[in-house]
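Produce the complete structure using the sequences and hints provided.
Take a look at the letters that make up each chain.
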Amino acid sequence: KAGVTQTPRYLIKTRGQQVTLSCSPISGHRSVSWYQQTPGQGLQFLFEYFSETQRNKGNFPGRFSGRQFSNSRSEMNVSTLELGDSALYLCASRDLTGIAEAFFGQGTRLTVV
Amino acid sequence: AQTVTQSQPEMSVQEAETVTLSCTYDTSESDYYLFWYKQPPSRQMILVIRQEAYKQQNATENRFSVNFQKAAKSFSLKISDSQLGDAAMYFCAYHSGNTPLVFGKGTRLSVIA
Chain A
891 KAGVTQTPRY
901 LIKTRGQQVT
911 LSCSPISGHR
921 SVSWYQQTPG
931 QGLQFLFEYF
941 SETQRNKGNF
951 PGRFSGRQFS
961 NSRSEMNVST
971 LELGDSALYL
981 CASRDLTGIA
991 EAFFGQGTRL
1001 TVV
Chain B
241 AQTVTQSQPE
251 MSVQEAETVT
261 LSCTYDTSES
271 DYYLFWYKQP
281 PSRQMILVIR
291 QEAYKQQNAT
301 ENRFSVNFQK
311 AAKSFSLKIS
321 DSQLGDAAMY
331 FCAYHSGNTP
341 LVFGKGTRLS
351 VIA
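Sequence lines, in order, name chains A and B.
Residue numbers for the first sequence follow our numbering, beginning at 891 and rising by one.
Residue numbers for the second sequence follow our numbering, beginning at 241 and rising by one.
Since the hints were made in silico from the structure, they are not lab data.
Not one of these hints is a red herring.
Per the computed footprint, the stretches of chain B lying under chain A, defined by three or more beta-carbons under 8 angstroms from a beta-carbon of chain A, are:
hint	segment
1	280–294
2	336–348
Ranges between beta-carbon positions, derived for each pair:
hint	chain 1	residue 1	chain 2	residue 2	range
3	A	Thr897	B	Ala311	40 to 48 angstroms
4	B	Ser268	A	Tyr900	40 to 48 angstroms
5	A	Asp985	B	Ser314	25 to 33 angstroms
6	A	Ser969	B	Gly325	37 to 45 angstroms
7	B	Ala311	A	Ser969	43 to 51 angstroms
Computed from a prediction, not measured in an experiment: that's the story for all the values here.
Beta carbons: idealized from backbone N, C-alpha and C, even for Gly.
What follows is the structure in structure tokens.
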């Protein structure tokens, strides 16, 4: 099976712009979670989607949003980018019928200048 | 809310020696899962080992083993015969029910040749 695929791998954006990140989960996995990783804060949970519905949401401002499509692919959008949004964004997929361990993509490195 | 604490930001070990990484967690649940993930410089988060809380036997995967103390809410990772390729960030994670994975802040492990 192919692993979790995140695109793009790297992004440089300007403050005030918006950005969309994409995640394709492992085939058959219907749960997709997004995490923001920064050196100071570690891994912080953004949101989780399951069968196109947001199931859990972390403590992030409304500028951060996401969605999931019928093929389980997920997108994350950040509007009005701030310098502090610079981070590694990780996507994880899970098969909730099993032990529910998460499988991660390689991440998207977002730099806001 | 569940929390995961890794009290060692950095550790180092000589090649071929043994090292133990600490993790404690806080939960009121009785049924949950614990994981150790490894993140090498390539950024890919890789599952190292998992433990189901209802199992008393400590999990083992080749050179990796855990010491799971449910009453003390402790979940340490032991790496035996350390290799240069073990150098990475190690994250302890907790999962229960429909909640998302909760991560500790990580321990950076260096392996000295």
